[in-house]
Amino acid sequence: MLKNRTPTVVGAALSDYPRAPHLSERQHHAQALTRALASAGLSIKDIDGYMAASMGAESAISLAEYLRIDHKVLGGVGIGGAIFEWMVQQASAQILAGQAETIAITYGSDLLTRSGRTLGTAGFYREGDTISTSVMFEAPYGSTIVGAYAMAARRHMHEFGTTPEQLAEIAVTCRAHAALNPNAMYRKPITVDDVLGSRLVADPLHVLDCCVISDGGGAVILTTAERARDLPVKPVYVLAAEGTQTHWNISEMPDFTIAPSAYCGPRAFAKAGLKPSDVDTIQLYDSFTITVLLMLEGLGFCRRGEGGPFAASGALRLGGAFPLNTDGGGLSACHSGMRGMHILVEAVRQLRGEAGVAQVPDARIALACGSGGFLSGHAAVILGTEAP
Amino acid sequence: MDQMLKVPADLAALPTPDVAGEWKPFWDAAVAGRLLIQACPACGRRQFYPRAICTACGGEPEWLEASGRGSLYTFSVVRQNLVRPFKDMLPYVLAMVDLEEGVRMLTNVVGCDLGEVKIGMPLEVTFVRAKDGVHLPYWRPVQVSGRRGS
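Read top to bottom, the protein sequences are chains A and B.
Just so you know, we're using the numbering used here here: the first sequence kicks off at 1 and counts up by one.
Just so you know, we're using the numbering used here here: the second sequence kicks off at 1001 and counts up by one.
Any given hint might turn out to be false.
[Said to hold, decoys possible] Calculated pairs, EDC-like style, for lysine to aspartate or glutamate (alpha carbon to alpha carbon, straight line, at most 16 Å):
1) B:K1118 / A:D203
2) B:K1131 / A:E127
3) B:K1118 / A:E159
4) B:K1087 / A:E127
5) B:K1131 / A:E159
6) A:K45 / A:D16
Hints were generated in silico from the structure; no laboratory data involved.
The shape of chain A in the complex, shown without the other chains (with noise of 0.2 Å):
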């Protein structure tokens, strides 16, 4: 008889966040793994497969070692923030392959601790620097993170006529929820003319369009239908895992209006064999408000440039129709630099049931889409509470 081997998550776990000056980056893995491990009820020698990403110079090779994992497969590509839902997408081909039978994939980052708040405006390079990759085409302008969104915001309410208003309803949304999750960095209630009342860092977007940025890792571990019947968990199936580079450089981007997703939320949803009307939760990529309403046009949630009126609509809001990031998100709980692995474990915390207060009703469906770079590669993970 052929064993089911449906990907399925059966641990994920965040490691110490927003502020965790006591933990190194390796540290951020090995305690993120520890606690997905006890989630699954699993022992590290269980794994077989690992992945892993970091913010600064912990490599996958490096953490395999650290963390004595006899690995059958390998991975860890850098694709920025989004690397975490790319590397569900791989480690599901592995297992339904056969070659790995229990894959972890970690993450950790000690970015507010190590840097400060310098990622968005300090970016790339420094003062003198001379660049001799393709990034020399950018440098001399003084391209900061932001600034390559702020770009992007700034062409669609160019062409769609999307207010600064409408945006800042997703941050809104992410601090209401936020107020519900005692670890999220900022909890207070904000209004829209609170977004629109703090300082531009780079026009269109206020400060408050923007991320937090905190330290902060996390866990999931992967395995097969057939072994998660062993375990005393609620499994988590992977339906669907699909990725989109459009890009690498924000003066690369084909169209400033079209994320990725809009090319691999469709595949997504058409291997899943489900629509956007069919998701009960949605956990995107919020590293700006911008990206946000992009992802939701790209992924089918409303038609392409009414990402605005959507926005504004309630839509989002724990009760409307689609809750969107109901820990917070990157916009007020934390976000320590690739946050594609916290909307991971919020999908599947919200798929157990275990978001508290936070919890959407029957949570069946949920989708988490990571964002790397400058919406330059994003990746829908589509997850499901009953097995294909």
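Here the structure of chain A is known, so what remains is to put chain B in place on it, guided by the hints.
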């Protein structure tokens, strides 16, 4: 109050390209005030930034001198940058320019008031000498003929 957009006062502090490598022809042309993009002789595709391969057909692209005219595709008024010399020139306009030839490049808009910057505005290239003799293309509003060269 409107603010005049300028290149940084301390040009030596700018991060600048290594002009010795793959992109030497581009930077050599810039010294002479010529803006180069690429065109593929096989399929006609134009591309920027320059590459050793045509991204449309895999062929070998050739250099093509651009007219130096374009229009503003999108922009942001950057008001926070922690790195010199940018932190000394705030606010500045980070911009994407659509060239007449159909490619796009990232730049700063200079030579006008901040309040004049609008998507779609016609722009022309202007080169500014930075450290080590590197000439960087910036874009400014198209000069009216009466003022040009005066």
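Among all the numbered hints in the text so far, which are the ones the structure does not match? Hints 5 and 6 not satisfied by this model.
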